[in-house]
Amino acid sequence: MDGACGAVTWQPTPALVRTVLVAVGALATALLTGRPALVVLGAPFAVAGVLGALARPTSSPRVRSTLDHALLHEGQGTTVRLVVEDPDGAEHVTRVAAQAPYVALEPRSGAVGGLRGTGDPGLVELAVGPRRWGRREIGAERVGLTSAWAAWRAGPVDLPSRGMFVLPQAAPYATREEMPQPDGLVGAHRSRKVGSGTELEGIRAFTTGDRLRRISWPVSLRTGELHVVTSRAEQDAGVWIVVDALREVGVSEGVDGRASSLDLGVRAASALASHHVRRGDRVGLQVLGTRPVCVGLGAGRRHLHRMTGTLARIQVDHRSHLPAEVDVSATTGSVVYLLSPMLHTPVVTAAATLMRRGLTVVVIDTVGEQQTSRLGDRLSVKSLAWRMRQVERDDRLERLAALGCPVIGWRGPGTLDVVLRRVARRAQVPRLGAR
Amino acid sequence: MRSPSRWSVSATVLRGLVLVLPVAALLVALPAVPHTAVLVLVVAGALRWATAPEDPVGVAVLALVGGWWAAQGTTDARVLVVAVLLVAAHVAATLASYGPGAMRVDGATTVLWVRRGALMLLAVPVAWLAVRHLADLQAPAGTWPVALLLVAAAALLASRATVGEPDEE
Chain A
1 MDGACGAVTW
11 QPTPALVRTV
21 LVAVGALATA
31 LLTGRPALVV
41 LGAPFAVAGV
51 LGALARPTSS
61 PRVRSTLDHA
71 LLHEGQGTTV
81 RLVVEDPDGA
91 EHVTRVAAQA
101 PYVALEPRSG
111 AVGGLRGTGD
121 PGLVELAVGP
131 RRWGRREIGA
141 ERVGLTSAWA
151 AWRAGPVDLP
161 SRGMFVLPQA
171 APYATREEMP
181 QPDGLVGAHR
191 SRKVGSGTEL
201 EGIRAFTTGD
211 RLRRISWPVS
221 LRTGELHVVT
231 SRAEQDAGVW
241 IVVDALREVG
251 VSEGVDGRAS
261 SLDLGVRAAS
271 ALASHHVRRG
281 DRVGLQVLGT
291 RPVCVGLGAG
301 RRHLHRMTGT
311 LARIQVDHRS
321 HLPAEVDVSA
331 TTGSVVYLLS
341 PMLHTPVVTA
351 AATLMRRGLT
361 VVVIDTVGEQ
371 QTSRLGDRLS
381 VKSLAWRMRQ
391 VERDDRLERL
401 AALGCPVIGW
411 RGPGTLDVVL
421 RRVARRAQVP
431 RLGAR
Chain B
1 MRSPSRWSVS
11 ATVLRGLVLV
21 LPVAALLVAL
31 PAVPHTAVLV
41 LVVAGALRWA
51 TAPEDPVGVA
61 VLALVGGWWA
71 AQGTTDARVL
81 VVAVLLVAAH
91 VAATLASYGP
101 GAMRVDGATT
111 VLWVRRGALM
121 LLAVPVAWLA
131 VRHLADLQAP
141 AGTWPVALLL
151 VAAAALLASR
161 ATVGEPDEE
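Going down the list, the protein sequences come from chains A and B.
Quick note: the first sequence uses the numbering used here, first residue 1, plus one each step.
Quick note: the second sequence uses the numbering used here, first residue 1, plus one each step.
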């Protein structure tokens with residue numbers, strides 16, 4: 001990725017103009033008025049003026065910048081390198097990067113300067129680091145080249161920014177629990193069914209149709225009858241990750257600060273997708289927003305990249321009207337992770353509908369620990385409104401819990417361990433499902 | 001996210017020098033005190049120059065201080081000190097004008113400009129000795145008009161040399 005500009009010409013700097021004016025003025029006045037002190041005071045400026053004027057470069061420099069990395073996760077950083085073509089005569093380089101929301105700069109001011117060719121390649125390098133997922137403008141800067149004696153300047157030149165979709169932080173997440181309803185052909189989850197996996201299920205007497213390589217010779221010799229080793233089938237699970245992007249609650253301070261509900265949802269979704277794809281599961285993604293997005297079930301790194309890219313493109317339109325109902329499509333036997341602040345009735349209704357259809361739904365609450373101090377006094381209108389929404393939300397969550405839908409807050413690794421264990425145990429009990 | 005501070009430490013020091021040095025050049029004359037108007041104009045001009053090192057007011061500040069010293073009609077050793085202070089102010093302003101106030105001025109550039117300042121100051125004792133020597137001599141007829149013409153020619157050349165070319169669009 002790079003941004004470039006056309007050739008720039010050299011113009012005299014105010015420093016050169018100052019030296020020339022002071023020198024000429026002092027010497028001329030000294031001669032006209034017979035004040036010898038002005039000759040002494042003007043002489044050093046005459047030296048600087050002459051040397052500066054003689055240092056006029058004849059080149060036509062072109063500047064462009066390049067980014068070391070084209071793809072970044074929030075919290076990561078890269079270097080913006082400056083390339084100067086035809087730099088003859090340029091002694092000093094000044095770079096001033098534009099401040100952009102959720103983009104950290106090193107140095108923090110975004111302004112860096114140094115002599116060209118002092119042997120320190122990092123002297124005039126700028127480091128940038130996106131602090132939040134989503135589309136970020138990176139690389140906009142103003143560049144100026146200065147000749148010897150700071151007498152001539154090329155630029156300043158404005159280099160354009162480049163839009164980059166920053167992927168959500170790959171938050172550490174892992175669970176050792178199995179998916180409640182493994183339902184597929186490949187994957188690393190143990191099935192309840194006996195099959196051709198590697199996990200030992202038991203040893204039983206040989207029957208017609210058993211494979212010879214399954215015979216357990218030690219047991220057969222000891223008992224005098226042929227016995228075979230049986231194992232459990234390894235099956236994948238269909239996992240749907242549903243992100244509620246209808247509204248964003250709270251203020252995002254980037255990867256280092258407080259997280260909004262959408263930050264929590266997107267980061268948790270990214271972590272879940274990464275975890276399940278690593279385990280060989282088929283994972284799908286649905287974004288509930290004013291313009292719903294769906295990435296179908298799939299597996300592999302390319303599919304994971306597609307999902308994280310979709311997450312990075314999520315935008316919340318706060319001015320839009322909330323839809324009367326949301327449609328979450330998931331096939332029977334899938335596990336659905338619903339990442340939502342659960343503040344909107346259609347989302348809660350969708351979760352309840354999925355539960356009634358017999359799907360395993362786990363609601364991950366993304367409200368998190370929002371700072372209520374920003375809402376002002378406890379009796380302020382904002383504070384009261386927020387508490388009323390919380391009462392409504394608690395009521396909805398209680399009703400969901402009554403349907404058997406677990407609701408948990410996102411806490412990173414191990415968040416879902418206990419819930420998945422309970423759900424898996426419950427899934428072994430036969431029940432009726434409605435289509 | 002915190003916003004960056006306005007001026008870096010190095011920029012603050014340089015701008016402080018731009019403010020202080022021209023005033024110090026006037027105070028070298030103590031116990032003689034410049035006229036209040038001169039003092040006020042120099043302080044105000046230096047303040048403006050310190051906040052905007054590329055501002056043309058820098059020329060006015062240097063001209064005011066130099067002019068006041070010329071008006072004293074002295075060529076004693078104090079003029080050397082004044083020349084050093086004015087050159088130092090010019091160098092500090094030039095260093096500060098390389099970038100915005102938030103930019104840290106690196107050590108290599110500072111060392112380079114200290115050397116350049118020393119090179120500029122080499123002309124000061126030469127000029128001072130020449131002025132002191134010539135003052136005792138009777139200059140030949142036509143010396144000063146010729147010198148004036150040479151300065152005028154130099155000014156013309158300088159003005160032609162320092163006119164920039166229009167940017168190519």
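Where hints are given, some of them may not hold.
Pairwise CB distance ranges, derived in the manner of DEER restraints [unchecked claim]:
1) Asp-377(A) / Val-33(B): 55 to 65 Å
2) Arg-132(B) / Arg-81(A): 50 to 60 Å
3) Ala-108(B) / Thr-58(A): 16 to 26 Å
4) Ser-380(A) / Leu-27(B): 26 to 36 Å
Here are a few chain B residues that face chain A, going by a calculated C-beta distance under 10 Å [said to hold, decoys possible]:
5) Ala-63
6) Leu-86
7) Thr-94
8) Val-126
Some chain A residues flagged as far from chain B (calculated, every beta-carbon gap over 12 Å) [unchecked claim]:
9) Arg-18
10) Gly-52
11) Glu-91
12) Thr-146
13) Arg-153
14) Thr-332
Rather than coming from a laboratory, the hints here were simulated on the basis of the structure.
Every residue gets a Cβ at the ideal spot worked out from N, C-alpha and C, and that includes glycine.
Each hint tested on the structure:
1. Asp-377(A) / Val-33(B): 55 to 65 Å: The hinted range 55 to 65 Å holds for Asp-377(A) and Val-33(B), with Cβ atoms some 60 Å apart.
2. Arg-132(B) / Arg-81(A): 50 to 60 Å: Holds, since Arg-132(B) and Arg-81(A) (Cβ atoms, about 55 Å apart) stay within the stated range.
3. Ala-108(B) / Thr-58(A): 16 to 26 Å: For Ala-108(B) and Thr-58(A) the Cβ distance comes to about 25 Å; the hint holds.
4. Ser-380(A) / Leu-27(B): 26 to 36 Å: violated (58 Å)
5. Ala-63: With a minimum Cβ separation of about 6 Å from chain A (threshold 10 Å), the hint on Ala-63(B) holds.
6. Leu-86: holds (6 Å)
7. Thr-94: Status holds, d = 4 Å.
8. Val-126: With Cβ-Cβ at 7 Å, under 10 Å, it holds.
9. Arg-18: Non-interface label fails for Arg-18(A): nearest chain B Cβ at 5 Å, not farther than 12 Å.
10. Gly-52: violated (8 Å)
11. Glu-91: Contrary to the label, Glu-91(A) does not stay out of reach of chain B, its closest Cβ about 8 Å off (not over 12 Å).
12. Thr-146: Thr-146(A) not clear of chain B: closest Cβ-Cβ about 7 Å, inside 12 Å.
13. Arg-153: violated (9 Å)
14. Thr-332: holds (46 Å)
Checked against the numbered hints given earlier, this structure breaks hints 4, 9, 10, 11, 12, 13; the rest are met.
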